Structure formats: structure tokens, C-alpha cells
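Participant: So the protein sequences, as listed, match chains A and B.
Going letter by letter, the first sequence gives residues 1 to 382 in the numbering used here.
Going letter by letter, the second sequence gives residues 1 to 382 in the numbering used here.
Certain hints may be false.
One copy or two, it doesn't matter: identical chains are merged, so the pair holds either way.
As the list claims (entries may be wrong) - Straight-line distance between alpha carbons at most 35 Å, and here's what the computed DSBU-like set of lysine-lysine pairs gives:
#, residue 1, residue 2
1, 34, 337
2, 298, 134
3, 9, 242
4, 181, 298
5, 181, 242
6, 173, 282
Hints are computed from structural coordinates only; laboratory data are not their basis.
A quick note: this is a predicted structure, and the numbers were derived from the prediction, not measured.
Protein chains: 2
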Amino acid sequence: MECQDYSLKRYTEIDNLNLNPLQRGGVLPVEARKALMEFSDGYSMCDYCAGRLDQISNPSITGFLDDLAKFVNVDVARTTHGARESKFAIMHALCKPGDTIIVDGNAHYTTHLAAERNKLEMIEVPNNGYPEYKITPEMYQKTLEDTIDNGIDVKLALLTHVDGNYGNLTDAKAIGEIVHKVEIPIILNCAYSMGRMPIDAKELDMDFVVGSGHKSMASSGPIGVLGLKEEYAENVLQLSKKHAVKEIEMLGCTSRGAPIATMMASLPYVAERVKHWGEEVKNSRNFVKEMEEIEGIKQLGIRPKEHDLIRFDTPVFDEIAQKHSRRGFFLYEELKKRNIVGIKRGQTKWFKCSVYGFNQDQINYIANSFKEIVNMHIKKSK
Amino acid sequence: MECQDYSLKRYTEIDNLNLNPLQRGGVLPVEARKALMEFSDGYSMCDYCAGRLDQISNPSITGFLDDLAKFVNVDVARTTHGARESKFAIMHALCKPGDTIIVDGNAHYTTHLAAERNKLEMIEVPNNGYPEYKITPEMYQKTLEDTIDNGIDVKLALLTHVDGNYGNLTDAKAIGEIVHKVEIPIILNCAYSMGRMPIDAKELDMDFVVGSGHKSMASSGPIGVLGLKEEYAENVLQLSKKHAVKEIEMLGCTSRGAPIATMMASLPYVAERVKHWGEEVKNSRNFVKEMEEIEGIKQLGIRPKEHDLIRFDTPVFDEIAQKHSRRGFFLYEELKKRNIVGIKRGQTKWFKCSVYGFNQDQINYIANSFKEIVNMHIKKSK
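Using the sequences provided together with the hints, build the complete structure.
Facilitator: So, in C-alpha cells, the structure goes:
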């Protein structure tokens, strides 16, 4: 059998400044790259396994999980294959097909898929629309109360800590309290926050927090975090009747290989970087200020920014595209000439981006590049 | 926060001859190690994603999945997080809680967990006991017919192609035909076969084949294969109602990162190595012959070996342990002195091992080391 060439190279995305928010928090520090080389072989995590991944002491997965639990302040922590797999497992353990859950209207598509795979009904809390798209505690409360008033038994609530469309940070603490008043457990989806900013599950009044290693914890994909309160451990981490040490929802073991090695190696680095979250937010706000100096560019979502994921409306680029010989591709191509990537090819009306992890010089260079591209074309066309 | 030292080193297992059957098929070739460095960052597979992992053309996941489908002769192939996750997804799509499935008595614990997580009842086909522990087509047929005669509606069948306790190869083709006569779909669990030996799902009359990248396909964990007949694709790969391109059982995307990069890079290597399976079987048989020259050592399971995973009864080592100052640890320690690892510390009555991928000199060295250890101690004690 003759295999095709799969083009397993990634020079462009590694060698250039990558603005894709999905990529910014998943860049590995050197320690994690070293760990990857140690634990690259198949079941390399399992040399000293006595039956359960989370209890392996060499390498110290058990020590790592203790640290991870402290890092987000939960009673128990597990790794999964991703935030989506964590959400699926919680829903699967707590709900039955046909049950209803409440989720915010900015929830990630994987929240919907986790619910759909579990055959759950979803009630959505709407955001407040253009231009803020904010999920407010008031609207969460109203939607929840209306649902209950309609005689619907809500089994579980979910809140997206920071959504992937606008980078809005929600008031988790307020919403946690609202949901707990009616004694419903709540999941906080921290895919875009855990590993970027500090998370304190108990302070935020959350029963479950889920995180994404590849998105925000400087880990190789796929790996996620599942953090929970002790009172839910018996249910969500229920043991098999046939194989007494194995946790059913984890299918025995989860992230058995390279990704967990990188997450372990990265945790000290990630624990340190969340302390500097304030600087990242400041950088993001400055970047917005620079970008909005370009006529017609406007940041959507909550202002000022409380997260590095930024959504811009960019009618000026769309205007240029109309007259440009390369049409919508011009922006991608002009950016690439300047060693900037991560804005989708052909996209000009709006885009999402992030300058997370870049230094001030890099951020200035990026903002100036956008300005230069606009000036170049606007002048030319006038 | 101060993180512990997780001991992220693996010198011992990499630098010595590792007999652990779990590790033999997951060793990465150099191409895969290079791919790991390219795609180590979080969502690195997703630079050019237009909404679905399996449709990404750069790197060519779509080309890879086509090749993978050809490699095992199925209509459609997907990657998952492991063989267990593939089994769970199939059961979840095809069965309802309370449904009954039939599985062989040598099934891996993850088959049981996948069924338990799906709340399924299992009927087990017994093996023929000591010393062969064989799953025969006759017994599979009898158990299936008895179950149906008892008025039980069997929704799905599963057969373990090669089990992890005895390394017995089952007669998949015969059992596939038996199960299809009563129109029940069947899964072949190829965790220990796909990537070591040639698999032809259609020739074996299987509706589903599942494989394990970390176990037998020279890939970093966790990654699995799900191969299926076209007629089941609509069900098992059903699309989301809310997000039209996303497959529900895959939760949108599965192995989004480092492991799939290694499996892609390894496929040409793996496709080549399965052609030499006959030599591996011959090597395993020779190794058994050498080992059985030691008095009291006996290979369990089907004879002669049809797979590299070998289970030995080793009363001679247990006898030595009784009188040894290091008790049961002596074997592990004596082997380690000789740069051989992979037999569990303290285990002497029996063990599982594999010489898969070793050359003849290495295999001779390993067999001679066992002989030397026995001679040394038996002489000493006499």
C-alpha cells in the first residue's frame, strides 16, 4: 500500500506571529517539548501503572493531579481528552436522556454537542445582543426562573467563563450563586480561561470546572481538565462493578500519553503565567486602542476587554477587498508578507484575534502592520 | 503556587530492552518523532480547519483517513482517543441503556467499561479454560443461540481479535459469519492486532474494527481508530442538528493534536511492517521454544503462538523467589542488571512478555538471560 504525502510540516504557523486565539494559549514552553520527547512512545505514561492512570507515581501523575486541583481550587481533579469530553462525562453522570439543562447563549458548540450526545434538552440564556453580546446574571436568573415556572425540572446548569466568539468574561460568581439558590449543580467551562487567568472554583461557587490543555494550558492536544467538588466525586467518578479500581466515566484511563506529559511539564510555567494575567489584559486593551485608530474598526463584546480574545468588526478591510485584485485574500496575503498569520484566508468583514503572550514590540508591530495595510490601500484607491 | 517534581524522565524504559507487550507496538519511528515536534503545540492540527477535523487538508488528515480506511479495508475511518473510546461510541450509537450485547470471555476490561458506561448488559462467551483459554467459533455460536433462545434481544456483538492476557488470535471470519447469520452487527477489537498484523475488515466479515494507536500503531497516546461499513456511518457518525457539520459521537472533533500527527507520520512505516508479521510470529515461536527449555516454564494460550504477546507460567522463578534474599524482586533486579525491563517488579509465578520488533540477536540475548538467571540460582541453591 502506497501512502499519500500528508504534508506534516508547520513552519508558517510556528515561524510567524500567529494571531489565532485558538493557538495563543497552547504554545509549549521548552520544558514541555522535552517531556514530549521522553513520553512520545505509545503507552509511555504507563510503565509503572498499577491499574489506574491517576494513581501512577512515576512519573508522578498523582502529585500532578494534587497540584492541578490546588491550581483551580477544586477537591478532585482528573485529566480528560478535552473540555468537551469533561462536559460530556459530567452530563452523562448527572443526567438521563430527555433531561433539561440550562446553558448560556454564548456557549461553545462542544457544549451543545455534549448535550446532544447525551440526548438532553437545552434552554439557552440569551446574551444582550449587538454590540456587547453579554450574558448577564439577571438574564441567567430570569431564564432559569421562567424555565422552572414552566414546570421544567432543570438538572444541570452550564456557564461559559469566557466565550470563543467575543472573549466576554462572565460573572461566574454571581451566576453560581443564582443557580445554587435553586439547588442546581453548575459547570464552568474554562476552556478559554483556565491556564490564562487565575481560576478559583470555590470562590466562583462552581461545582465543576472544565479546562482545555491544548487551548489554554500550554499542552499538546488533546487533553482537558475536569475539576469537581468532593460531593460529586462518587457519582461522576463512580467505580466499575466489574473492575473495582476503574472509573466508568473515564473508561478506566483517559489521557494516557504525550499530552499529559506536556501538561505536567507545563503546569509550573502555567501557574506562573496566570499571575501576569493583568498585563495580558492591559496589552489587549492597548491593542484594541491601536486598532480602533483605524477608521471603521470596532471591537465587539464587553468594553474594555477583560480577556485576550478580541472580536473586531472591520468594514474597512471589506471595502478594500471589493476593489482589490486579490479580493478578500488581500488581507491574509499582506499580513503574511509581514510575518503575521492566524486571520482566516478570505476573511475581511470581521475577525477574531489575540495578542496573548506577545511582548509590547510585537504588539506594536502587529497594530502598525494593520494600519500600514489600510493606509497603503486607501491611499492607492483615492 | 509551588509545583512538585513529577519526574518526567523515562531513561530506563527507553534505554533497555522492554518486554512489556503494551509497549512493543507503540514505539515511534523517527518520522513520528519529527512530526511530534512540528505539531507539539495545542491546536496545531487545526490551522486550516474549516469546521471538521476529518476534512482538514493541510496537513492532509483527509488523505490520511482515506489511506487508513484502505489499510484495514473499511468504507469509512475516523480517529478517536483510543480503542475504548471507539467501542463506547459504537455502543452508544447502536444501543440503548438496558440493551444486551454479546462479548467474548477474553475481552479487555475497556470493553466491559464501554458497555457499563452505556448501561448495557453483557453476555460472555467463555473460553475453553486452562491451558489454552481459547474462544472458539463453536462456543460463540452456542452462547449466542442460547441467549436468543432465552428470548434475549442481542443488539451488538464484540470479538477481541487478540486478547491481552494470552495473546490468542481468534477466528474472526468464522465468528463474523455466525453473528451475521442472525443479523447482529459485530465489532472486532483490534487493539493488539491493527498495526502489528494485516487487518482486512471485509474479509473478516466485520461491521466495525477498532484499533489503538498507542498500543500497536507506533503512535503517541492517546489515539484510536474507528473503521466502519458505510451502512452504519449514518448512525454512528450522525450529524448534529444544531451544528450541521459536526459528528455527534465524535463530539465534533477527536484527536486534535500531537497523537494524530504521529499516527499519520507512522502509517507508511506501519503499513510496511505488517507485511513482515510472519517473521514476528516466527520470532515469538522461537522465543517460546528457547524459554521452554527452562524446566517448568510453559507457554499458556494457543500453541504454536499466532501473536507476539506471550503468557508464561514460570514456577521456577517463584521457587527461586522463596529462598532469595530479595524475594520476588530478584527477577526484576537480575533482568535489569542485564538491561532488560518490562516484567513487573515482584512478579515471578507468571508473566506476559513480547519480543515484537527485536532482532534475532536481541531475542537470543533475552532468552539466554532468563536461562542464566535460572542456572545461577538453581546451582547456588543446590
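Participant: Each hint: holds or not?
Facilitator: Structure-based check of all given hints:
no., hint, in the structure
1, 34 - 337, "both (32 Å within a copy, 27 Å between copies)"
2, 298 - 134, "within (16 Å within a copy, 69 Å between copies)"
3, 9 - 242, "between (45 Å within a copy, 34 Å between copies)"
4, 181 - 298, "neither (38 Å within a copy, 65 Å between copies)"
5, 181 - 242, "between (38 Å within a copy, 30 Å between copies)"
6, 173 - 282, "within (23 Å within a copy, 64 Å between copies)"
In summary, the structure is inconsistent with hint 4 from the numbered list given earlier, while agreeing with all the others.
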